[in-house]
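Asker: What follows is the residue order along each chain.
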Amino acid sequence: MKTHNWNDFISFSTEKKVSLLNRNDRPYHCLLAQQFDRSFLDSLYHLTNVIRAISKSKQGNLYLQSTLPHKKAMLYFMQPSTRTYLSFRTACQILGIQTSDVRDSSISSEVKGESNEDTLRTFSSYFDFIIMRHPEEGIAERAAWVLENSDRTVPVLNAGSGKDQHPTQALLDIYTLRRSFENFGGLKDKTIILAGDLLRGRTVRSLAQMLTHFDGIKLILSSPEKFKMRNDVIDLLKMSSVEVIESDKFKEHLPEADAIYMTRVQDEHDTEGFKSERSLPDFSLTEADLKNLKEHTAIMHPLPRRNELDPAIDNDPRAKYWRQERNGMWSRAALMLMIANKDSEVLNYWNEICRQVNHTAKALPRKRQL
Amino acid sequence: MKTHNWNDFISFSTEKKVSLLNRNDRPYHCLLAQQFDRSFLDSLYHLTNVIRAISKSKQGNLYLQSTLPHKKAMLYFMQPSTRTYLSFRTACQILGIQTSDVRDSSISSEVKGESNEDTLRTFSSYFDFIIMRHPEEGIAERAAWVLENSDRTVPVLNAGSGKDQHPTQALLDIYTLRRSFENFGGLKDKTIILAGDLLRGRTVRSLAQMLTHFDGIKLILSSPEKFKMRNDVIDLLKMSSVEVIESDKFKEHLPEADAIYMTRVQDEHDTEGFKSERSLPDFSLTEADLKNLKEHTAIMHPLPRRNELDPAIDNDPRAKYWRQERNGMWSRAALMLMIANKDSEVLNYWNEICRQVNHTAKALPRKRQL
Amino acid sequence: MKTHNWNDFISFSTEKKVSLLNRNDRPYHCLLAQQFDRSFLDSLYHLTNVIRAISKSKQGNLYLQSTLPHKKAMLYFMQPSTRTYLSFRTACQILGIQTSDVRDSSISSEVKGESNEDTLRTFSSYFDFIIMRHPEEGIAERAAWVLENSDRTVPVLNAGSGKDQHPTQALLDIYTLRRSFENFGGLKDKTIILAGDLLRGRTVRSLAQMLTHFDGIKLILSSPEKFKMRNDVIDLLKMSSVEVIESDKFKEHLPEADAIYMTRVQDEHDTEGFKSERSLPDFSLTEADLKNLKEHTAIMHPLPRRNELDPAIDNDPRAKYWRQERNGMWSRAALMLMIANKDSEVLNYWNEICRQVNHTAKALPRKRQL
Chain V
1 MKTHNWNDFI
11 SFSTEKKVSL
21 LNRNDRPYHC
31 LLAQQFDRSF
41 LDSLYHLTNV
51 IRAISKSKQG
61 NLYLQSTLPH
71 KKAMLYFMQP
81 STRTYLSFRT
91 ACQILGIQTS
101 DVRDSSISSE
111 VKGESNEDTL
121 RTFSSYFDFI
131 IMRHPEEGIA
141 ERAAWVLENS
151 DRTVPVLNAG
161 SGKDQHPTQA
171 LLDIYTLRRS
181 FENFGGLKDK
191 TIILAGDLLR
201 GRTVRSLAQM
211 LTHFDGIKLI
221 LSSPEKFKMR
231 NDVIDLLKMS
241 SVEVIESDKF
251 KEHLPEADAI
261 YMTRVQDEHD
271 TEGFKSERSL
281 PDFSLTEADL
291 KNLKEHTAIM
301 HPLPRRNELD
311 PAIDNDPRAK
321 YWRQERNGMW
331 SRAALMLMIA
341 NKDSEVLNYW
351 NEICRQVNHT
361 AKALPRKRQL
Chain R
1 MKTHNWNDFI
11 SFSTEKKVSL
21 LNRNDRPYHC
31 LLAQQFDRSF
41 LDSLYHLTNV
51 IRAISKSKQG
61 NLYLQSTLPH
71 KKAMLYFMQP
81 STRTYLSFRT
91 ACQILGIQTS
101 DVRDSSISSE
111 VKGESNEDTL
121 RTFSSYFDFI
131 IMRHPEEGIA
141 ERAAWVLENS
151 DRTVPVLNAG
161 SGKDQHPTQA
171 LLDIYTLRRS
181 FENFGGLKDK
191 TIILAGDLLR
201 GRTVRSLAQM
211 LTHFDGIKLI
221 LSSPEKFKMR
231 NDVIDLLKMS
241 SVEVIESDKF
251 KEHLPEADAI
261 YMTRVQDEHD
271 TEGFKSERSL
281 PDFSLTEADL
291 KNLKEHTAIM
301 HPLPRRNELD
311 PAIDNDPRAK
321 YWRQERNGMW
331 SRAALMLMIA
341 NKDSEVLNYW
351 NEICRQVNHT
361 AKALPRKRQL
Chain F
1 MKTHNWNDFI
11 SFSTEKKVSL
21 LNRNDRPYHC
31 LLAQQFDRSF
41 LDSLYHLTNV
51 IRAISKSKQG
61 NLYLQSTLPH
71 KKAMLYFMQP
81 STRTYLSFRT
91 ACQILGIQTS
101 DVRDSSISSE
111 VKGESNEDTL
121 RTFSSYFDFI
131 IMRHPEEGIA
141 ERAAWVLENS
151 DRTVPVLNAG
161 SGKDQHPTQA
171 LLDIYTLRRS
181 FENFGGLKDK
191 TIILAGDLLR
201 GRTVRSLAQM
211 LTHFDGIKLI
221 LSSPEKFKMR
231 NDVIDLLKMS
241 SVEVIESDKF
251 KEHLPEADAI
261 YMTRVQDEHD
271 TEGFKSERSL
281 PDFSLTEADL
291 KNLKEHTAIM
301 HPLPRRNELD
311 PAIDNDPRAK
321 YWRQERNGMW
331 SRAALMLMIA
341 NKDSEVLNYW
351 NEICRQVNHT
361 AKALPRKRQL
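Protein chains in written order, with my numbering: chain V, 1 to 370; chain R, 1 to 370; chain F, 1 to 370.
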């Protein structure tokens, strides 16, 4: 990236950008959902399962904290966030990474007139990872570009920028889908409904793109006309093996769904004058709908929710959104381990544990199970 | 708790609530001063002393940090707080617990319209303890109830809610009283003045209730008529062995006091129109009063203070309020160890240390002393 | 300090203050640039280099984190700050010190009417270091005085107070100068330009004073008439061996400079009505100026910058300001180690490493190099 000027960089194709953001065929900066290919997703799925298994014991937790205690992360969150912020923060804590926050520009040097670029270089002076959420579109790419042109490059992780990309959310969504279908043939040949505000929901945009890596997916994009998924994603899906159906009859599709991914109206990104619309009753899931679902249907939601998802559903075994939320922590920990090239070390640790358990006590085979 | 609906739960007697909040006869959620019986207070007093003793060496500190490093705590403080917040935070640090904060709703997902219940479930996704202060009365109970009805229950610790309860403050007050009377026969047969705004001071309410566990206590409740302790606590005290005297002649009682617990006017809870009143000169302690006190009288204050407690007193050996403040950190560390069932482990460590010291060097008997 | 009242204390000479703030001839409280003598600066320079060298390996990082893990620091920042705050925080993390922040008075007990003194004593109840930045001049001295008169004294570190002192900034500036001249005869017989707002820039004030410890320094103070360095510092420089030149012809002096220290207009301290002035074009450095500099000239800036320093310079090898920024973290870690009297322990560790490396593998001589 060092040799490029910014205007060149932003005009590159996604493919070219991915090649510049990756190192050794895996994400270094993690900015775009397109950086994750199937092989990476498979590795990440396995590693996430291993981390969860290791963390079940105190000793395992201490081992995980010993992987990256010499690293420090900046959580630079210039937009309100609870989940993404906390899950990245706790992911760091799991790996022993020490964190600092900048969440409020009124207590930082920006009030003295510092440029965004200088703020980011400053972070790179003290930290080994920059995890950032920012309202400005493309600012995470800009950060990666600035640091690549400095003499202290550190990985930049996009934790949501503008209404465009939220790549780590897509990772945890894919993880949750695969986990939910573990006993149902895995994530292939499944029918998945994405419902609600598909126009501005950056999580559904990233997720839809990621589903192109799996075979036999039927994707039902269900939204009111004015909240339709934008054509860039539709076109991409149509070029892939995914079967796409656009429909405004959400309830009619419930019986065939293996997974239903609900979203709320993203009115905080509202610049197009939809402001009055805070909920979409026809694209909501209530307790009464449960009887129309398959027995194994996974109900998901990136949260926070409003009334598109009735809390009365929470205790139904098909409600996966609280687990999905917690999976964010595990998936992000796994991602950071991979960026830091510590994944083999952790997998070796786990294999050694399993070997010992098998050797000394055949009676505990469950320990092998992820 | 799982089988109860919320309206049932809040209408239960305190006794029944306590049984639901405790596990194995000790607090799991820690919400009400009534959860602490005498036996628990005795265990906590001993454990707090042991923690303080262990922490005197670097090695001891490292040992304490090794007790709960695999645990994470959320400090959810929706009301201004320095002391309670910092003492909980440092208590966590002493035990190796990693912390995160939510102190400002403008940077969290509540601005996207999330319900309190969902916020709390989110915390339980990432954390092993939820420590919370909130202006809304009963919100900590609600939190415990929500989590008990989820599939990831974690302990909720009430760090002050509404004007009602502040149970951990009462713990550190009792600890400070016992510690102050260690060479004066312990906390029994003592005369204790609670002075100032007894109507709205949640610390004095909790403390008064806790004193019913000790024998021979004479309690002088000294306040202006309009700031009198509410009848619910008076009734409870009268049913116990505590001798209660209500008086608006604060200064007259000074000579007989073994402890004087000062409070400030709680005008931040002001909904009854007392707003003009910021101090109560007749319920203040000045340097001139010192000559009227016994030699061992413990002067206490939950802090922050205004002018009811003259800083000129600070260097008098009877002023215990700065130690009381620091005891908050130790007491809360002890409480969290007990909630996590790690108390026996720590006591064993300490006994082993004492055994070794006695064995290898009879010359160092002070190490046994707490 | 215990025996003095506050009015006496503030009227003491700087020399007398230094003797009260130091313990065993080294800073205990760290408030004034005058506390650092040449011998201390030499020790700190060496220790900073050692810490940087040790931190190059994961094992070295873990060793550093084992030096002060039993200590806790309060970062009390009542003025906006990114760099100073983050570098102190990461310095603590390097040494294993656990941190807490108070950066926003609206979430602390000050809203309940607590005095500054009580807030500081409260911090000393829970923490082993108090690192503070405050708009009020002299408040850090006041803090040290309050704690010296309490029964729990902890070191106070001034991270910038009023427009007067910023001692740790001067430490990292001196470190950066020495480091820059390591292959050019060290920091003696050098010509150094301080440029810009010398009136209100507290960093240049502290730095100028510190340069009196080095021989043969020629100091060019280059500013517009109305932003001239105040006479107190000029007088002090004139009594020393430093040759002082005051000049408003910044550009003319560039060819003779070994180091150029740029500063921005400090309009956040604006009380004298300069408000309209946000930049000083004649005291700016642009890419066009580079050709007039020596090959080894060190370009420095305390950051944040505005347009007095052209970002186009950033990639020139003479631009040292990003390293200078990072040196803040290392210098502050070294300072805290010295305050805690852990410097010998760290130097011994390093000597042992070097001994082992020399013994077992003559092939790795670079390890000895700092």
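Think of the hints as simulated: they come from the structure by calculation, not from any bench.
Keep in mind that a hint or two might mislead.
Identical chains blur together in the list; that is why a pair holds if it fits in one copy or across any two.
[Claimed, not checked] Derived pair list, reagent style DSS-like, types lysine-lysine, alpha-carbon separation capped at 27 Å:
#1 K238 to K251
#2 K56 to K249
#3 K71 to K188
#4 K342 to K56
#5 K228 to K294
#6 K342 to K188
Asker: Regarding K342 and K188, is the shortest C-alpha distance of 27 Å or less found within a copy, between copies, in both, or in neither?
Answerer: neither (29 Å within a copy, 46 Å between copies)
Asker: Checking an output row: K71 and K188, CA cutoff 27 Å. Within, between, both or neither?
Answerer: Cα proximity of K71 and K188: none, with 38 Å in one copy and 37 Å across.
Asker: Please sort K56 with K249 into within, between, both or neither, judging by C-alpha distance up to 27 Å.
Answerer: Result: close neither inside a copy nor across copies, 43 Å intra and 60 Å inter.
Asker: Could you figure out if K342 and K56 sit no more than 27 Å apart (CA to CA) within one copy, between two copies, both or neither?
Answerer: both (20 Å within a copy, 17 Å between copies)
Asker: Could you figure out if K238 and K251 sit no more than 27 Å apart (CA to CA) within one copy, between two copies, both or neither?
Answerer: within (24 Å within a copy, 62 Å between copies)
Asker: Regarding K228 and K294, is the shortest C-alpha distance of 27 Å or less found within a copy, between copies, in both, or in neither?
Answerer: within (26 Å within a copy, 62 Å between copies)
Checked against the numbered hints above, the structure breaks hints 2, 3 and 6 and satisfies the rest.
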